[in-house]
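Peer 1: Sequence:
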Amino acid sequence: MRILVLGGDGYLGWPTALHLSQCGHEVAVADNFVRRQYDLELGVDSLVPIESLHTRVTAWQERTGKTIEMFIGDLTDADFTYEMIREFRPDAVVHFAEQRAAPYSMIDRKHAVYTQTNNVVGTLNLLYAIAEIDPEIHLVKLGTMGEYGTPNIDIEEGWLELEHKGRKDRVLYPKRPGSFYHLSKVHDSHNMEFACRIWGLRATDLNQGVVYGQETPETTLDDRLATRFDYDAVFGTVLNRFVIQAVLGHPLTVYGSGTQTRGIIDIRDTVRCIQLACENPAERGEFRVFNQMTESMSVRDIAATVSESFPGEVTIDNLDNPRVEKEEHYYKVTHTGLVELGLVPHMLSDTLITSLFDVAKRHVDRVREAALMPGVNWRSPGAERTSER
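Sequential numbering of the sequence shown, starting at 1, is according to full-length UniProt numbering.
Honestly, I wouldn't trust all of these hints.
Said to hold, decoys possible - DEER-style ranges, computed between Cβ atoms:
1. 83 with 351: 19 to 25 Å
2. 221 with 70: 40 to 46 Å
3. 41 with 133: 33 to 39 Å
4. 110 with 163: 29 to 35 Å
5. 41 with 65: 53 to 59 Å
6. 370 with 65: 42 to 48 Å
7. 43 with 317: 20 to 26 Å
These aren't lab readings, by the way, just hints derived from the structure by calculation. If you're wondering where the values come from, they're calculated on a predicted model, not measured in any experiment. Think of the CB as a built atom: it goes at the ideal place given N, C-alpha and C, for glycine as much as any other residue.
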């Protein structure tokens, strides 16, 4: 297959591109490098040094003999998007190319508007390009489990069968997102379902849990192939952040009671899920949804797991929760679709966490400690932030 990975310079986009290439697919990546600009804005950097996209692509070819084509541009530029689709002619498009951090979207009005404009407009341009150039293209879009919120009923895979006043229907599962970022993902989902319904497109929406880990078999072939490792309170995912705090000898900072439950997934399973979705496309006119997670844990239990795995002493601090969210809630998620396609999950293990400790120890001198503490307050539209984010 010819597969185009949008956001191919990012934390998940890059290892996904390598995995798909290693599986024998013809792969191209596209990026505008704005994720690297966020680092400059926030005064942080990936814990693990990352090479330029050009260096990475060259290293991949040297190591494997496989080529990855590059497109440099922005999905909000419709002309670029159309030209890229026409030139590469993909069978599938994997779409990671969005601002992906809830805290970033909640900094202030400017960041909320940017997040929704970037994410929604970029996806709309992509939907139109596919519809007008080749409606057979399968769109595989990364969503988030955060779209659902924490309803007091089981979370199904995208659709809900319901009966109301004697009548039955199948509707998109109701969403209650927890940030302007998550709202942008909900808008994307509705736009994609609408495009499938009116234009007969084929799309798979992958509502992904919190990703942990930093290495895949492909990224470990050469140091130049490493992907990002974000640890800060804006872009760092919770388990990765706890690992850094343990290595530094800092308390693990749990927001609120820590009883908030999250769906989680190993980065190695993320790339496998993308492969399975691409190789088993949705039908024409089908908007298909998978909940891309492998297990669920409370934040408190994630912290305890990291603490128990670390060879030294670790303490846990409960901070005032900067987010507006339920801390005590029901959480039961259906996530069978990808397993039925062949996913064999990696469950969270001491071995994986120990490997993350090793990564963190090698690069601990790159940590900016102030960036570990939360500096964005959901309750303040005027961006109450610490003086040093």
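Peer 1: Determine for every hint whether it applies to the structure shown.
Peer 2: Hints versus structure:
1. A beta carbon spacing of about 45 Å between residue 83 and residue 351 contradicts the range 19 to 25 Å that was offered as a hint.
2. The hint said 40 to 46 Å for the Cβ distance between residue 221 and residue 70, and at roughly 19 Å that hint is violated.
3. The hint said 33 to 39 Å for the Cβ distance between residue 41 and residue 133, and at roughly 34 Å that hint holds.
4. For residue 110 and residue 163, the hinted distance range of 29 to 35 Å is not satisfied, since their beta carbons lie about 44 Å from each other.
5. Residue 41 and residue 65 have their C-beta atoms about 38 Å apart, which leaves the hinted 53 to 59 Å range violated.
6. For the pair residue 370 and residue 65, the beta carbons lie near 44 Å from each other, so the given range of 42 to 48 Å is met.
7. For residue 43 and residue 317, the hinted distance range of 20 to 26 Å is satisfied, since their beta carbons lie about 23 Å from each other.
Of the numbered hints given earlier, the model fails hints 1, 2, 4, 5; all others are met.
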